[in-house]
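Going down the list, the protein sequences come from chains A, B and C. Under the numbering used here, the letters of the first sequence match residues 1 to 332, in that order. Under the numbering used here, the letters of the second sequence match residues 1 to 282, in that order. Under the numbering used here, the letters of the third sequence match residues 1 to 438, in that order.
It should be emphasised that the hints constitute simulated quantities derived from the structure, not laboratory data. Small disclaimer: the values here were computed from a predicted structure and weren't measured. No residue lacks a Cβ here, since even glycine has one placed at the ideal position from N, Cα and C. Just so you know, not all the hints are guaranteed correct.
To be verified - A few chain B residues facing chain C, derived, Cβ under 10 Å:
#1 R33
#2 A128
#3 A147
Stated by the list, open to error - With a straight-line Cα cutoff of 25 Å, these simulated SDA-like cross-link-like pairs (lysine to any residue) come out:
#4 K112(B) to Q96(B)
#5 K184(B) to K197(C)
#6 K126(B) to L87(C)
#7 K173(B) to K434(C)
#8 K197(C) to S246(C)
#9 K108(B) to A4(B)
#10 K207(B) to E225(B)
#11 K434(C) to R146(B)
Said to hold, decoys possible - Quick list of simulated restraints, FRET-style, between CB atoms:
#12 Q222(C) to P135(B): 51 to 57 Å
#13 D31(B) to R435(C): 33 to 39 Å
#14 R114(B) to E151(C): 47 to 53 Å
#15 R24(A) to L357(C): 21 to 27 Å
#16 L246(A) to E212(C): 54 to 60 Å
#17 R114(B) to V58(A): 53 to 59 Å
#18 E17(A) to Q217(B): 54 to 60 Å
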Amino acid sequence: MENQLYLSSSPHIHSGETTDKVMRLVIYALLPATLLSIYFFGLPALSVLLICTLGCPVFEALACKLRKQPLTLVDGSAALTGILLAMNLPPSCPWWIALFGAAVAILVGKQVYGGLGYNPFNPALVARVVLLISFPVQMTSWTAPAPLGSGIDAVTSATPLGEVKTAVMLTGKLPELATSGFGHYFTGDMAGCLGEVSAIALLLGGLFLLYKKVITWHIPVSFIGTVLAIGGIFWLVDPGRYPSPLFHLLTGGLLLGAFFMATDMVTSPVTYRGMLIFGCGCGLLTVLIRLFGGYPEGVSFAILLMNACTPLIDRYTRPKLYGQVESLKAEG
Amino acid sequence: MLAAVLSIGGIGLVAAAALGLAAKKFAVEVDPRELAILEALPGANCGACGYPGCAGYAKAVAEGTISPNLCTPGGADTVEAIAKIMGIEAITAEPQVAVVLCQGDNRKATQKYRYLGLTDCNAAQKIADGPKTCPGGCLGMGSCQRACPFGAIEMTPEGLAVISREKCTGCTKCVAVCPRQVIKMTPLEAVTHVLCNSHDKGAAVRKYCQVGCIACQICKKTAPEAYMIEDFLARVEYPQHAQAVAAVEKCPTKCIRDFSSGYPEGSSFAPPTVPVAKDNAA
Amino acid sequence: MNLKTFAGGLHPPDNKKWSADKPIELCPLPEELIIPAAQHIGAPAEICVAVGDTVKKGQMIAQAKGFVSVPIHASTSGEVIAIEPRLHPMGRPLPAVVIKPDGQDQWDDSLKPNDPEQLDSETLKSLIRDAGIVGMGGATFPTHVKLSPPEGKTIDTLILNGVECEPYLTADHRLMLEQSERLIDGIRILRKILGVKDTIIGIEANKPDAIEHLNKECAPHQIQIQPLKVQYPQGAEKQLIDACTSRQVPSGGLPMDCGVVVQNVGTCAAISDAVRLGRPLVERVATVTGPGIKEPKNLLVAVGTPLQHLVDQCGGLNGEPAKIIMGGPMMGQAQLSLEVPAIRGTSGLLIFREPDLQVRPAGPCIRCGRCVSVCPIHLQPTTIAAYARLDLIDEAEHYNALDCIECGCCTYICPAALPLVQSIRHAKGGIMAKRRKL
Chain A
1 MENQLYLSSS
11 PHIHSGETTD
21 KVMRLVIYAL
31 LPATLLSIYF
41 FGLPALSVLL
51 ICTLGCPVFE
61 ALACKLRKQP
71 LTLVDGSAAL
81 TGILLAMNLP
91 PSCPWWIALF
101 GAAVAILVGK
111 QVYGGLGYNP
121 FNPALVARVV
131 LLISFPVQMT
141 SWTAPAPLGS
151 GIDAVTSATP
161 LGEVKTAVML
171 TGKLPELATS
181 GFGHYFTGDM
191 AGCLGEVSAI
201 ALLLGGLFLL
211 YKKVITWHIP
221 VSFIGTVLAI
231 GGIFWLVDPG
241 RYPSPLFHLL
251 TGGLLLGAFF
261 MATDMVTSPV
271 TYRGMLIFGC
281 GCGLLTVLIR
291 LFGGYPEGVS
301 FAILLMNACT
311 PLIDRYTRPK
321 LYGQVESLKA
331 EG
Chain B
1 MLAAVLSIGG
11 IGLVAAAALG
21 LAAKKFAVEV
31 DPRELAILEA
41 LPGANCGACG
51 YPGCAGYAKA
61 VAEGTISPNL
71 CTPGGADTVE
81 AIAKIMGIEA
91 ITAEPQVAVV
101 LCQGDNRKAT
111 QKYRYLGLTD
121 CNAAQKIADG
131 PKTCPGGCLG
141 MGSCQRACPF
151 GAIEMTPEGL
161 AVISREKCTG
171 CTKCVAVCPR
181 QVIKMTPLEA
191 VTHVLCNSHD
201 KGAAVRKYCQ
211 VGCIACQICK
221 KTAPEAYMIE
231 DFLARVEYPQ
241 HAQAVAAVEK
251 CPTKCIRDFS
261 SGYPEGSSFA
271 PPTVPVAKDN
281 AA
Chain C
1 MNLKTFAGGL
11 HPPDNKKWSA
21 DKPIELCPLP
31 EELIIPAAQH
41 IGAPAEICVA
51 VGDTVKKGQM
61 IAQAKGFVSV
71 PIHASTSGEV
81 IAIEPRLHPM
91 GRPLPAVVIK
101 PDGQDQWDDS
111 LKPNDPEQLD
121 SETLKSLIRD
131 AGIVGMGGAT
141 FPTHVKLSPP
151 EGKTIDTLIL
161 NGVECEPYLT
171 ADHRLMLEQS
181 ERLIDGIRIL
191 RKILGVKDTI
201 IGIEANKPDA
211 IEHLNKECAP
221 HQIQIQPLKV
231 QYPQGAEKQL
241 IDACTSRQVP
251 SGGLPMDCGV
261 VVQNVGTCAA
271 ISDAVRLGRP
281 LVERVATVTG
291 PGIKEPKNLL
301 VAVGTPLQHL
311 VDQCGGLNGE
321 PAKIIMGGPM
331 MGQAQLSLEV
341 PAIRGTSGLL
351 IFREPDLQVR
361 PAGPCIRCGR
371 CVSVCPIHLQ
381 PTTIAAYARL
391 DLIDEAEHYN
401 ALDCIECGCC
411 TYICPAALPL
421 VQSIRHAKGG
431 IMAKRRKL
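Produce the complete structure using the sequences and hints provided.
Next up, the structure:
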């Protein structure tokens, strides 16, 4: 056929935005945190990252083949899920658990629902929670940071949140680390998951995403704001038993969760008002689980629970229609 | 231990009693015939009868307001069963299947433009009357396939809709959704069809399709009672379908197809077995 | 400048530099003019000439049918050489009168000039109707109908649409710069018909020369110039009214429901000619532009001129055309060929080549919410489109699919390249079909 004209419905120009560009920007935003995690935790961190980041696309390709659908690897979402999953794992995580996690994230968290855009839950968090409940020991064995080149061997340690939970359960009072030494939490010099540690790296990434308009301020601000507010109320009531808002902010997965996990577009509301409600809900649940729940960290569960509410939130936070007529008009 | 057994058992008994009471007190009166009819229906909820699902049709039939032979997917067996339940006479209509009257896939028919947009025949038709040059030909975007509740329609790799004569139940949903009206209901026994839907003159058809009907009249000359030519398009006269097969070989553009020898090129369906009609003389 | 705006929308590159400073040029007549009988919203006109007839410029060649309809006129003097279906911008052959110009370009002498001051509102409106005036922003709604609000609807504001928010188009811009007298005359006639005092011309801030020029020219006439923030679709009626008056057109309603009438500046100028000179609408300014055109220009085009002729006047094609668009790139209509004629609503001709287009298959919706944030009507395009794809028409209606103005912002911004406007149109079609059945 000679060069035929294209015909389509209007509009005939496009902004050039693509799904894979969006995914790539998020991957770039994660680079500071990723690199710092390798610095702090060394080879174990690198291997967990590689297994997840490479494993997820492999499982996605497998799923596409089984579903007889065209390969969707090009959009980069599988690799992104891999990185996010790795960020949610402890550096000492055995390779087979990481691999199993990659499989769960892609096959159960995403492909079973129909692939990108159809999953109701954040795939990386689905996998993390499955692993946490299936392998509680390995998933809660933490190592203190052993910066590359420092020659220190990995030493088991507890996360700051873990210490707080144990201390409060046993003594009813906060441990020493919950009231001082916040500098370490800011840079990342503490035990935790790959992505939990460095507040500064995560903040940088989050600001990058905001600047590039990949995410909007609504979810991070409402999530973090609610945690600070509610955490703050409890801290004011009893500072000896409840950690300060700053502690909440810098430890655990809050920053990773607020900027990278809760903002996952597929599983969060599409309206701005909905995003604010979503963020507040995540914040509230996070604080409640941290202070009163059985687990020291509540971000993953909070986000998953709010993911379940997303369709409902979307339905009830529809933006006010232009020209909204208050009284019912007779249908034409 | 005893306390636990008694308390749990007690709660269970109370709950069971409450449910039983509620079931009696809030029971809805249902005509038993309606339930029996619902059993007899195929349960596809396709809407061919014009009622909301099989339950809707069962209710209407039980009320006595409607004929029992509106369920085409159910076929003769269903009509007989319903008639028996209602105690009336069963009048079955002749079984029909849908046929896509076109063989012009992407290799055989030209496009007038390159279409970008929703893969939906109705959406494409709204843009300059569809990308296919032929005004009546199948657009191949699968709207009929999606509309079929019985999975009887496939799209060939070259973009042509083909309907399985064995799976088609005659519900007519595909006919309603096609923007080109290229799908027609035909008697199940008739295996020979003119697979073209263009009323353009022969010379024009030749320009945009290799397998279109050019109204050369050869089929009519070969089997005069079996064909009629109207508006530059030949059609099989279905009451005389048995004689139509003689013209298949003679058609110069090969647009007449005898389905007993197979489906159009590209289809994955195996040639249908001898038409499944109760009294087939052929 | 006190810039007003509306909520939503986006800012595509405006690409107006290619023709913004090109003065309007007269496009010479082609070998044959193809004048379709359907060039407006409403019933197509009925052809009332025969093959072989000689016609003069401005002579009626098709009669209006019903109230929501206008007559069609010959764009030049010549001979009717055919009356037959010809390829129409809508994409199929439709009845048209084909005229071979005789080169004289003589006006019909039955057309008489008038003094609008002496005429009453009804007479003015019938002059407008007889001249075939339709909305020249592209909508082609019969103007006399717009100027006849039913009993009970009072109009207190007249807004002139000089926004031209579509990228690439500069026809209205040049008109405001070069022919402001016709524009102002038209505005005064409109004011008389509607009996309003408040008159606002809305202009986007990317036309500072037009704003400055009109500020000077309009000062003695109590016409206010309202500069507007450059945001697409500021030129959409609803958004223009919102920005200029802070009123919102009620859902399912019309501008008259909030006391406003909006007219395109081109329509205004045409009204002036219709009343003062007695001349029907037979020519209009159109921007011929795009990367596929060698010399973009603003041409004064006779209605019925084939698009190929317009291209020839602009240095010809710049490479192999891949898409021909009549109108602007956001809401214009893609054409099957350049043999299609320019009609009363043709505000522009855009030619794109293959590398200029971004042909991508649509991916799954990633629920990013960008479409929701840019929609000027505050709809949820992704949700409506999802229902439309599943043919769940009632749910789509529940999400206000009918309120969509089809501006294209959602589709423009969608990272998954989903055909959102097309899906919403599909839903609208389904809803209207259902209503017709009931």
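> If you draw a straight line from the CA of K126(B) to the CA of L87(C), is it 25 Å or shorter?
Replying inline: 15 Å, holds
> Given the hinted pair K207(B) and E225(B), is their alpha-carbon gap at most 25 Å?
Replying inline: 30 Å, violated
>> Under 10 Å is the threshold here; is the Cβ of A147(B) close enough to any Cβ of chain C for the hint to stand?
In response: Interface hint status for A147(B): holds (8 Å vs cutoff 10 Å).
> When you check the alpha-carbon spacing of K184(B) and K197(C), does it fall within 25 Å?
Replying inline: 62 Å, violated
> Holds or violated: K173(B) with K434(C), Cα cutoff 25 Å?
Replying inline: Distance of about 16 Å is within 25 Å: holds.
>> Assuming the hint says 54 to 60 Å, is it satisfied by the Cβ distance from L246(A) to E212(C) or not?
In response: Since the Cβ atoms of L246(A) and E212(C) sit about 55 Å apart, the hinted range of 54 to 60 Å holds.
>> Please verify whether K108(B) and A4(B) have alpha carbons no more than 25 Å apart.
In response: It is violated: about 78 Å lies between the C-alpha atoms, which goes past 25 Å.
> Lying within 53 to 59 Å: is that true of the beta-carbon distance R114(B) to V58(A)?
Replying inline: Given a distance of about 36 Å, which is not inside 53 to 59 Å, the answer is violated.
>> For a C-alpha distance cap of 25 Å, please report whether K197(C) and S246(C) respect it.
In response: 18 Å, holds
> Taking 21 to 27 Å as the hint, is the beta-carbon distance of R24(A) and L357(C) inside that range?
Replying inline: With a Cβ separation near 23 Å, R24(A) and L357(C) satisfy 21 to 27 Å, so the hint holds.
>> Between the beta carbons of D31(B) and R435(C), is the distance compatible with 33 to 39 Å?
In response: 35 Å, holds
> Cβ-Cβ distance between E17(A) and Q217(B): within 54 to 60 Å?
Replying inline: 57 Å, holds
When each numbered hint is compared with the structure, violations occur for hints 1, 4, 5, 9, 10, 17.
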